[in-house]
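> One-letter residues, chain by chain:
Protein chains: 2
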Amino acid sequence: MKEALEGVKALAFDVFGTVVDYRTTIITEGERLAEDKGIEIDWAAFADAWRGRYRPAMDRVMRGELPWTNLDALHRTTLDELLAEFGVRELSEGEKNHLNGVWHRLRPWGDSVPGLLRLKTRFVLATLSNGNVRLLVDMAKNAGLPWDLVFSAELARAYKPDPRAYRMLQELLMLGPDEIMMVAAHQSDLRAAQELGFRTAFVMRPLEHGPQAVPNLRADPSLDVVATDFVDLARQLRV
Amino acid sequence: MKEALEGVKALAFDVFGTVVDYRTTIITEGERLAEDKGIEIDWAAFADAWRGRYRPAMDRVMRGELPWTNLDALHRTTLDELLAEFGVRELSEGEKNHLNGVWHRLRPWGDSVPGLLRLKTRFVLATLSNGNVRLLVDMAKNAGLPWDLVFSAELARAYKPDPRAYRMLQELLMLGPDEIMMVAAHQSDLRAAQELGFRTAFVMRPLEHGPQAVPNLRADPSLDVVATDFVDLARQLRV
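Chains as they are written, first to last, in the UniProt record's numbering: chain B, 1 to 239; chain Z, 1 to 239.
To give a feel for the contact side, a few chain Z residues facing chain B, derived at Cβ under 7 Å:
| id | residue |
| --- | --- |
| 1 | Arg134 |
| 2 | Val137 |
| 3 | Lys141 |
| 4 | Asp148 |
| 5 | Leu149 |
| 6 | Val150 |
| 7 | Leu172 |
| 8 | Met174 |
Note that these hints are calculated values from the structure, not bench results. Glycine included, every Cβ here is placed at the ideal spot set by N, Cα and C.
Isolated chain B, as found in the complex (with noise of 0.2 Å):
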């Protein structure tokens, strides 16, 4: 481990694609909807297609185009295009509220539990993610996610990449920003983070979008560890 890493006191954690993996939790539970409602969809296109306008939709609120508009509704405005666009025309308002809260219950990577578990006997665990607090606590809650603090873009009415997400968690944790670490499998989120002086790891999920997706893997020689997954990041710590 590099001499630098060792001030790391806490982990701060990029969570849609870094810790779950919502592509498949949204096809698995797309395709049990379509079933009991007798309607056929392509999933895996659709749920590529919802994440696709994650960041369009923020950069309207981050523009002012938008007041300042959580990610659930944020997802609730891109669904509803989304279904009509897809041709479906079958859901109650139940039923697609149910549907955006997918995100609430997006399933973890297989390390992700047991390595989080064992980083935190060492870090302090933080998220810093765009989801809002409530979506945050309800996938952690649901899926094991032992966090020590859930923070969120949304306490800084800021999202990543904006600077404001990353220093607002930084002054609550009255850190430096040396001594937090990035973790996420994004090089902009860690581009954003390594400006402000925090520590960085990326972590490859190649397959965040889908077996045939062909992702840049590439690691920027400037970050700072390299990681296969947490139970790797955890190794290269000395946890």
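Let chain B serve as the given structure and place chain Z on it in line with the hints.
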């Protein structure tokens, strides 16, 4: 259980005095420190005096006489005052900082962890404390308090009983006020929650102020639940 309580989904806990026994922890750590340093001091009186300056310090912030100041910093100011008043001149800056950190290391009442673990199977468990986030995170990690959400007055920049702290928690949880039950050993906390429509549970902590104190344990009849401890609370809430 009253029918009105069946809709409760989250419990919001006062922490100092309700979950943890600050008085005994301060006395125990203080006595150890005094022995190391060869000084004599009445730590029971010191603990009571330190806690006694808590409300006036927060009131100065809420009246605008001080800019927003977190509880760690308020505790440090009042600690310095008390060390001078008790005639303690033997402590280094590092020792004073360590002593101030005792609030991060407070020990839970014996029923707190087992009661919370049982309540966690049915309810979202959140702190609603004037302690700052870092203090609450350290305390939870140290004492094994299984919070789903660490929420602090620091996030609202308003100390309880200011309604902004309670309302912000309610908004983050996306619940109606009658879906949240405030749990506290102090009726002032419960009154403020009740005025906003929260449900209320009064948990008696007869030893909070020490074995000689005569606490007011006469529960206001408008409170929803009166419990002897957290295990009794779980039983009354049918967990």
